[in-house]
Amino acid sequence: MKIDLKRYIRNVKDFPKEGIMFRDITTLLKEPAALKLAFNELYKLAKDLNISKVVGIESRGFIFGSMLAEKLNAGFIPIRKPGKLPAEKESKTYDLEYGSDTIEIHKDAIKIDERILLHDDLLATGGTALAAANLIESLGGEVVQISFVVELSFLNGREKLKKYNVKSLVNYDSEE
0 MKIDLKRYIR
10 NVKDFPKEGI
20 MFRDITTLLK
30 EPAALKLAFN
40 ELYKLAKDLN
50 ISKVVGIESR
60 GFIFGSMLAE
70 KLNAGFIPIR
80 KPGKLPAEKE
90 SKTYDLEYGS
100 DTIEIHKDAI
110 KIDERILLHD
120 DLLATGGTAL
130 AAANLIESLG
140 GEVVQISFVV
150 ELSFLNGREK
160 LKKYNVKSLV
170 NYDSEE
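Residue numbers (numbering that gives the first Met the number 0): 0 to 175.
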(Lines of atoms letter the chains of each structure in order from A; the text may use other names.)
(Lines give C-alpha, C1' and ligand atoms only; values in the text may rest on other atoms or scores of the structure.)
Protein backbone atom coordinates (compact mmCIF):
# COMPACT_ATOMS: atom_id res chain seq x y z
CA MET A 0 0.00 0.00 0.00
CA LYS A 1 1.25 3.45 -0.87
CA ILE A 2 -0.35 5.24 2.06
CA ASP A 3 -0.63 4.11 5.66
CA LEU A 4 -4.32 3.57 6.39
CA LYS A 5 -3.66 3.55 10.13
CA ARG A 6 -2.93 7.27 10.11
CA TYR A 7 -6.49 7.89 8.88
CA ILE A 8 -8.12 5.98 11.75
CA ARG A 9 -9.10 8.05 14.78
CA ASN A 10 -8.50 6.69 18.27
CA VAL A 11 -11.29 7.51 20.74
CA LYS A 12 -10.43 6.75 24.35
CA ASP A 13 -13.10 5.34 26.70
CA PHE A 14 -15.74 4.64 24.03
CA PRO A 15 -18.24 3.00 24.18
CA LYS A 16 -17.23 2.57 27.82
CA GLU A 17 -14.29 3.36 30.07
CA GLY A 18 -11.17 1.37 29.29
CA ILE A 19 -11.97 0.80 25.59
CA MET A 20 -9.88 2.44 22.86
CA PHE A 21 -12.31 2.76 19.93
CA ARG A 22 -10.82 2.67 16.42
CA ASP A 23 -13.01 4.99 14.37
CA ILE A 24 -12.95 4.51 10.59
CA THR A 25 -15.19 7.52 9.86
CA THR A 26 -12.02 9.62 9.55
CA LEU A 27 -10.72 7.15 6.93
CA LEU A 28 -14.04 7.24 5.06
CA LYS A 29 -14.01 11.03 4.68
CA GLU A 30 -10.61 11.05 2.94
CA PRO A 31 -11.02 10.08 -0.75
CA ALA A 32 -7.53 8.58 -1.18
CA ALA A 33 -7.81 6.47 2.00
CA LEU A 34 -11.35 5.35 1.17
CA LYS A 35 -10.32 4.34 -2.32
CA LEU A 36 -7.21 2.51 -1.14
CA ALA A 37 -9.09 0.59 1.56
CA PHE A 38 -11.82 -0.40 -0.91
CA ASN A 39 -9.32 -1.47 -3.58
CA GLU A 40 -7.35 -3.58 -1.09
CA LEU A 41 -10.54 -5.29 0.18
CA TYR A 42 -11.60 -5.93 -3.42
CA LYS A 43 -8.22 -7.47 -4.30
CA LEU A 44 -8.65 -9.92 -1.40
CA ALA A 45 -12.02 -11.15 -2.72
CA LYS A 46 -12.04 -10.66 -6.49
CA ASP A 47 -11.08 -14.23 -7.39
CA LEU A 48 -13.34 -16.01 -4.89
CA ASN A 49 -16.50 -16.28 -7.04
CA ILE A 50 -18.64 -14.57 -4.41
CA SER A 51 -22.45 -14.87 -4.71
CA LYS A 52 -23.38 -12.47 -1.91
CA VAL A 53 -21.65 -10.03 0.39
CA VAL A 54 -23.02 -9.90 3.93
CA GLY A 55 -22.32 -6.69 5.86
CA ILE A 56 -22.71 -6.40 9.62
CA GLU A 57 -24.58 -3.35 10.96
CA SER A 58 -23.69 -0.67 10.53
CA ARG A 59 -20.18 0.13 9.37
CA GLY A 60 -20.00 -3.22 7.60
CA PHE A 61 -22.64 -1.88 5.21
CA ILE A 62 -20.28 0.75 3.80
CA PHE A 63 -17.56 -1.38 2.23
CA GLY A 64 -19.87 -4.41 2.07
CA SER A 65 -22.25 -2.78 -0.39
CA MET A 66 -19.38 -1.31 -2.40
CA LEU A 67 -17.77 -4.75 -2.62
CA ALA A 68 -21.06 -6.37 -3.65
CA GLU A 69 -21.41 -3.97 -6.56
CA LYS A 70 -17.82 -4.44 -7.75
CA LEU A 71 -18.00 -8.26 -7.33
CA ASN A 72 -21.34 -8.40 -9.19
CA ALA A 73 -22.87 -10.00 -6.11
CA GLY A 74 -25.94 -9.32 -4.01
CA PHE A 75 -25.72 -7.49 -0.69
CA ILE A 76 -27.31 -8.73 2.55
CA PRO A 77 -27.46 -6.72 5.76
CA ILE A 78 -27.12 -8.36 9.17
CA ARG A 79 -28.95 -6.07 11.56
CA LYS A 80 -29.63 -5.48 15.22
CA PRO A 81 -32.99 -6.76 16.53
CA GLY A 82 -36.18 -5.12 15.31
CA LYS A 83 -34.71 -3.68 12.09
CA LEU A 84 -35.63 -6.40 9.57
CA PRO A 85 -39.29 -6.59 8.49
CA ALA A 86 -39.64 -10.20 7.28
CA GLU A 87 -39.08 -13.63 8.83
CA LYS A 88 -35.61 -13.80 10.32
CA GLU A 89 -33.01 -15.89 12.14
CA SER A 90 -31.21 -14.43 15.15
CA LYS A 91 -28.10 -15.15 17.17
CA THR A 92 -27.06 -13.79 20.57
CA TYR A 93 -23.35 -13.61 21.37
CA ASP A 94 -20.87 -12.14 23.85
CA LEU A 95 -18.85 -8.98 23.22
CA GLU A 96 -15.80 -7.68 25.04
CA TYR A 97 -18.16 -5.34 26.96
CA GLY A 98 -21.51 -7.22 27.17
CA SER A 99 -23.72 -9.20 24.82
CA ASP A 100 -25.72 -8.46 21.69
CA THR A 101 -28.02 -10.06 19.14
CA ILE A 102 -27.96 -9.91 15.35
CA GLU A 103 -30.52 -10.96 12.75
CA ILE A 104 -30.70 -11.91 9.08
CA HIS A 105 -33.69 -12.55 6.83
CA LYS A 106 -34.36 -16.30 6.49
CA ASP A 107 -34.65 -15.99 2.71
CA ALA A 108 -31.44 -13.94 2.26
CA ILE A 109 -29.14 -16.82 1.33
CA LYS A 110 -29.62 -19.89 -0.82
CA ILE A 111 -27.94 -23.22 -0.11
CA ASP A 112 -24.28 -23.34 -1.22
CA GLU A 113 -24.03 -19.63 -2.07
CA ARG A 114 -20.49 -18.35 -1.66
CA ILE A 115 -20.46 -15.57 0.92
CA LEU A 116 -18.03 -12.77 1.69
CA LEU A 117 -18.73 -11.55 5.24
CA HIS A 118 -17.52 -8.01 5.94
CA ASP A 119 -17.34 -5.76 8.98
CA ASP A 120 -15.24 -2.75 9.85
CA LEU A 121 -13.41 -4.21 12.84
CA LEU A 122 -12.36 -7.53 14.33
CA ALA A 123 -12.06 -7.37 18.13
CA THR A 124 -12.94 -10.50 20.13
CA GLY A 125 -14.58 -12.17 17.12
CA GLY A 126 -18.00 -12.67 18.71
CA THR A 127 -19.98 -10.63 16.21
CA ALA A 128 -18.27 -12.14 13.15
CA LEU A 129 -18.64 -15.68 14.50
CA ALA A 130 -22.34 -15.12 15.21
CA ALA A 131 -22.78 -13.72 11.68
CA ALA A 132 -20.90 -16.66 10.13
CA ASN A 133 -23.09 -19.07 12.12
CA LEU A 134 -26.24 -17.33 10.83
CA ILE A 135 -24.98 -17.55 7.24
CA GLU A 136 -24.19 -21.24 7.62
CA SER A 137 -27.55 -21.95 9.29
CA LEU A 138 -29.16 -20.72 6.06
CA GLY A 139 -26.94 -22.96 3.92
CA GLY A 140 -24.35 -20.41 2.79
CA GLU A 141 -20.61 -21.05 2.62
CA VAL A 142 -18.47 -18.36 4.26
CA VAL A 143 -15.60 -18.08 1.78
CA GLN A 144 -13.88 -15.11 3.41
CA ILE A 145 -14.36 -12.73 6.33
CA SER A 146 -12.81 -9.31 5.78
CA PHE A 147 -12.20 -6.36 8.07
CA VAL A 148 -10.68 -2.92 7.69
CA VAL A 149 -9.22 -3.06 11.24
CA GLU A 150 -8.07 -5.97 13.40
CA LEU A 151 -7.28 -5.67 17.10
CA SER A 152 -5.01 -8.73 17.21
CA PHE A 153 -4.26 -8.33 20.93
CA LEU A 154 -7.89 -9.39 21.62
CA ASN A 155 -7.37 -12.71 19.78
CA GLY A 156 -10.61 -12.54 17.78
CA ARG A 157 -8.98 -14.40 14.90
CA GLU A 158 -8.76 -17.45 17.18
CA LYS A 159 -12.59 -17.69 17.28
CA LEU A 160 -12.60 -17.52 13.50
CA LYS A 161 -9.74 -19.97 12.85
CA LYS A 162 -11.83 -22.19 10.56
CA TYR A 163 -12.40 -19.23 8.22
CA ASN A 164 -10.28 -17.32 5.72
CA VAL A 165 -9.86 -14.05 7.67
CA LYS A 166 -8.34 -10.94 6.12
CA SER A 167 -7.75 -7.45 7.53
CA LEU A 168 -6.07 -4.32 6.24
CA VAL A 169 -4.85 -2.62 9.43
CA ASN A 170 -3.64 -4.37 12.58
CA TYR A 171 -3.30 -3.05 16.11
CA ASP A 172 -1.29 -5.42 18.29
CA SER A 173 -1.84 -3.42 21.48
CA GLU A 174 -4.43 -1.05 22.95
CA GLU A 175 -2.27 2.01 22.35
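None of these hints come from the bench; they were simulated from the model. Hints are not guaranteed to be accurate.
Claimed, not checked - Derived pair list, reagent style EDC-like, types lysine to aspartate or glutamate, alpha-carbon separation capped at 16 Å:
#: 1; residue 1: K106; residue 2: E69
#: 2; residue 1: K5; residue 2: D172
#: 3; residue 1: K83; residue 2: D47
#: 4; residue 1: K166; residue 2: D47
#: 5; residue 1: K161; residue 2: E141
#: 6; residue 1: K16; residue 2: E174
#: 7; residue 1: K35; residue 2: D3
#: 8; residue 1: K91; residue 2: D47
#: 9; residue 1: K80; residue 2: E113
#: 10; residue 1: K12; residue 2: E174
#: 11; residue 1: K35; residue 2: E69
#: 12; residue 1: K80; residue 2: D47
#: 13; residue 1: K159; residue 2: E103
#: 14; residue 1: K5; residue 2: D23
#: 15; residue 1: K5; residue 2: D47
#: 16; residue 1: K5; residue 2: E141
#: 17; residue 1: K83; residue 2: E69
#: 18; residue 1: K110; residue 2: E141
#: 19; residue 1: K83; residue 2: D94
Hints, one by one, checked against the model:
no.: 1; hint: K106 / E69; verdict: 22 Å, violated
no.: 2; hint: K5 / D172; verdict: 12 Å, holds
no.: 3; hint: K83 / D47; verdict: 32 Å, violated
no.: 4; hint: K166 / D47; verdict: 14 Å, holds
no.: 5; hint: K161 / E141; verdict: 15 Å, holds
no.: 6; hint: K16 / E174; verdict: 14 Å, holds
no.: 7; hint: K35 / D3; verdict: 13 Å, holds
no.: 8; hint: K91 / D47; verdict: 30 Å, violated
no.: 9; hint: K80 / E113; verdict: 23 Å, violated
no.: 10; hint: K12 / E174; verdict: 10 Å, holds
no.: 11; hint: K35 / E69; verdict: 14 Å, holds
no.: 12; hint: K80 / D47; verdict: 31 Å, violated
no.: 13; hint: K159 / E103; verdict: 20 Å, violated
no.: 14; hint: K5 / D23; verdict: 10 Å, holds
no.: 15; hint: K5 / D47; verdict: 26 Å, violated
no.: 16; hint: K5 / E141; verdict: 31 Å, violated
no.: 17; hint: K83 / E69; verdict: 23 Å, violated
no.: 18; hint: K110 / E141; verdict: 10 Å, holds
no.: 19; hint: K83 / D94; verdict: 20 Å, violated
The structure is inconsistent with the numbered hints 1, 3, 8, 9, 12, 13, 15, 16, 17 and 19, although it conforms to all the rest.
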